[in-house]
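Go ahead and model the full structure; you've got the sequences and the hints to work with.
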Amino acid sequence: MVATHSMARPWQRPPNDSAGPMSEMKFTAEQLPILRRFTEVHARRYRMNEGLIGDLVIAVNEIATNAVRHGSHYAELRMWTEDSRVIAEIHDSGTWTPADTPGGSPPPPDAEGGMGIWVARQICSAVNIRTGINGTVVRLELSPTARYI
Amino acid sequence: MAALELSSSRHGDRTVLHVSGELDIISRAELITCLDKVIKQHGGKIILDLTGLDFMDTSALSTVVSYWKRLTTTEGGFLALAGAQYRTSRVLWITGLAQRLPMYDDVAAALADTETRSAADDAS
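In the order they appear, the protein sequences are chains A and B.
For the first sequence, the tail end lands on 149 under my numbering, and the numbers increase by one without skipping.
For the second sequence, the tail end lands on 124 under my numbering, and the numbers increase by one without skipping.
Since the hints were made in silico from the structure, they are not lab data.
Some hints here could point you the wrong way.
Unchecked claim - Using C-beta positions, here's what the derived DEER-type ranges look like:
no. : chain 1 : residue 1 : chain 2 : residue 2 : range
1   : A       : Tyr74     : B       : Ala3      : 21 to 27 Å
2   : A       : Gly94     : B       : Ala109    : 43 to 49 Å
3   : A       : Gly132    : B       : Ala112    : 52 to 58 Å
4   : B       : Gly43     : A       : Arg47     : 47 to 53 Å
5   : B       : Asp13     : A       : Pro144    : 46 to 52 Å
Stated by the list, open to error - Now the stretches of chain B that chain A is said to cover, found in silico as 3 or more residues with beta-carbon under 8 Å:
no. : stretch
6   : 18-25
7   : 50-60
8   : 84-97
Positions of the beta carbon are idealized from the N, C-alpha and C atoms, including for glycine.
Written out as structure tokens, the structure is:
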């Protein structure tokens, strides 16, 4: 999925009629453990497959870590179900100029960092990055049944 | 703060560092402090016991990789991982590092294997 630059509102379109209730949490780096717990609890509430909950937590944590490490002090997670998929969007107010496909290739064998987006891409059915003057939104989609790796 | 517990035990010239709780971008600082202390006091032959670890992110993994490289290439030591549970080994497999880092099912297996290695080193 190619990163798009946009002047539009940083959040993706609001959930449509098929979307379930939205779970939201603002967080800092220190609150990442609480964010992981939050993600797990809400995923369970969505009746997500137990094996996939761990994967969702990994993906959300990686993107959330990038958000508070490189983006802004506070970031926000919004999560909901839509057409039986789980959508998690992580928003920070930092702007960046991503490569054409950030995390599109595997980390080099001696990588000591920068593996977050790659890992999220291996786990999720879709990863979409939008960045503009209002910040950056990374949207993760997980299909409830598919296992990609 | 992620709850992280660290304790160590000595086995000959090797140190087993028991890591339990959660390792992330914040708590990995404690692991770094602890590893530096262990290496300074007891040398660089280290087994990380991950049996009690519930979560590990790629920033913590990067830390592990950097110590593994340092200890194996410049300080005559090693860094092995033991007892990683499904939840923590998953990130190791996704990144491909499970095939590169020395990994053992449990501490006993890691100790047995590295003992052989130490003995072989002594004999040579």
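Tested hints:
no., hint, verdict
1, A:Tyr74 to B:Ala3: 21 to 27 Å, "holds, 23 Å"
2, A:Gly94 to B:Ala109: 43 to 49 Å, "holds, 44 Å"
3, A:Gly132 to B:Ala112: 52 to 58 Å, "holds, 56 Å"
4, B:Gly43 to A:Arg47: 47 to 53 Å, "holds, 50 Å"
5, B:Asp13 to A:Pro144: 46 to 52 Å, "holds, 50 Å"
6, 18-25, "holds (count 3)"
7, 50-60, "holds (count 4)"
8, 84-97, "holds (count 8)"
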